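Chemist: Below, each chain spelled out in residue letters.
There are 2 protein chains.
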Amino acid sequence: MKNSLEHLLKHIAAFERSELDTILDCFKPKSVKKNTLLLSAGNICREFYYIHTGCLRTAFIDAKGNEMTRLVLTDCNIGTALASFISQKPSVEFIEVLEDTELLAVSHHSFYQLNREYRCWNFFYQRMLEMAYSYQNRRIEQLVTLSAQQRYHQVLNDQPLLIQKLSNKLLASYLDIREETLSRLKSV
Amino acid sequence: MKNSLEHLLKHIAAFERSELDTILDCFKPKSVKKNTLLLSAGNICREFYYIHTGCLRTAFIDAKGNEMTRLVLTDCNIGTALASFISQKPSVEFIEVLEDTELLAVSHHSFYQLNREYRCWNFFYQRMLEMAYSYQNRRIEQLVTLSAQQRYHQVLNDQPLLIQKLSNKLLASYLDIREETLSRLKSV
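First to last, the sequence lines map onto chains X and D. For the first sequence, the tail end lands on 207 under this note's numbering, and the numbers increase by one without skipping. For the second sequence, the tail end lands on 207 under this note's numbering, and the numbers increase by one without skipping.
Calculated directly from the structure, the hints in this document are not laboratory data. Note that the structure is predicted; figures quoted are calculated from it, not measured. Some hints here could point you the wrong way.
[To be verified] Chain X stretches covered by chain D per the calculated footprint, using a threshold of three residues with CB under 8 Å from any CB of chain D:
hint, stretch
1, 55-67
2, 155-161
[As the list claims (entries may be wrong)] Simulated crosslink set (DSS-like; lysine-lysine; CA at most 27 Å straight-line):
hint, chain 1, residue 1, chain 2, residue 2
3, X, K205, D, K83
4, X, K21, X, K205
5, X, K108, X, K83
6, D, K205, X, K83
7, D, K108, D, K205
8, X, K108, D, K108
9, D, K184, X, K29
Backbone N, C-alpha and C fix where the C-beta goes; we use that ideal spot for every residue, glycine too.
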């Protein structure tokens, strides 16, 4: 599992062997069962994840109790409820395990210690933030400029795995459309 | 104008005097008139801004030609069309000057050179990305979980300057609601 994370880290920044060994030591393996809540809304996010195999989602809950999926993480992805992980304030998002998942977790303490000590981790985190920011920007663009149909076709083209992995209810909440609208779009 | 940027930089990271002098030298003053387009959609964003006085906005355009304001930058703010600035690919957003504005601009080349050379700039940029990411996350949360009325009241409480600075048309496009809805909310 750590080989696969090492591959991803080396793809993003030019880590030295000794740095990689220290960094990989900070990531602890976890097996989490489907339907586990890795983080509840209102709690502080204290871990950052590398998903080896499986599937997680982060989601907001509105005042009526409706869940709105923001991010889906599948095999070989990294992420967490990043806003709370950064601020160390209670999270407005929760993290739910959608399939039995094998992951590596690094604590907030270790993450920011690596950030202070290793220039390469600094670049890795910066690159990760740049990608996360750009992803959020596309999400906002799609939410405010595309129709339900266009959003569905965008996911169909760019993230076809989500169509396979997510139930209709969760996919609709990711697209910010009603389940009935999604069913209609799928049947066309 | 550079004193005010220096104050902001020192607030975010522990720069040394010699570093600050080099960094401030990379920022070039510009006076831009109201209604200027600093960046057109489809062009590559090659500058990052510190707004000394004035007001800019970044916005998307949908297929029907409707503009959706994403970000408004006022006095002493930093920012740009960051997704295109990061990727150096054509921007889906434009940047428009809403008031006569005095700003400092740093080129993409200088920005990333500072990032390679100065550890403190590295921390500054990382912190800026963390804040930009968290802002985007709140924007997504508000777009998908709040009603038009709740979004209006959120801006009224958290960013009252936007109510003063933006026309009804632009404020409605920031809130992703119709102008008529905004007029109704304002009159309550």
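Chemist: Against each hint, give a clear statement of whether it holds in the structure.
Modeler: Cross-check of the supplied hints:
1. Counting residues of the stretch 55-67 of chain X whose CB lies closer than 8 Å to any CB of chain D gives 0, so the stated coverage by that chain is violated, three being the minimum.
2. Against chain D, the stretch 155-161 of chain X contributes 6 residues with a C-beta closer than 8 Å to a partner C-beta. That satisfies the three-residue criterion, and the hint holds.
3. Between the alpha carbons of K205 of chain X and K83 of chain D the distance comes to roughly 24 Å, so the proposed pair stays at or under 27 Å and holds.
4. Note on K21 of chain X and K205 of chain X: the hinted pairing is violated, with a Cα-Cα distance of about 38 Å set against a maximum of 27 Å.
5. For a cut-off of 27 Å, the pair hint linking K108 of chain X to K83 of chain X stands: about 23 Å separates their Cα positions.
6. Of the pairs offered as hints, the one joining K205 of chain D and K83 of chain X holds, with about 24 Å between alpha carbons and a cut-off of 27 Å not exceeded.
7. About 39 Å separates the Cα atoms of K108 of chain D and K205 of chain D, which puts this hinted pair outside 27 Å; it is violated.
8. A threshold of 27 Å between alpha carbons decides the hint, and for K108 of chain X with K108 of chain D the separation of about 34 Å lies outside it, so the pair is violated.
9. About 46 Å separates the Cα atoms of K184 of chain D and K29 of chain X, which puts this hinted pair outside 27 Å; it is violated.
Checked against the numbered hints above, the structure breaks hints 1, 4, 7, 8 and 9 and satisfies the rest.
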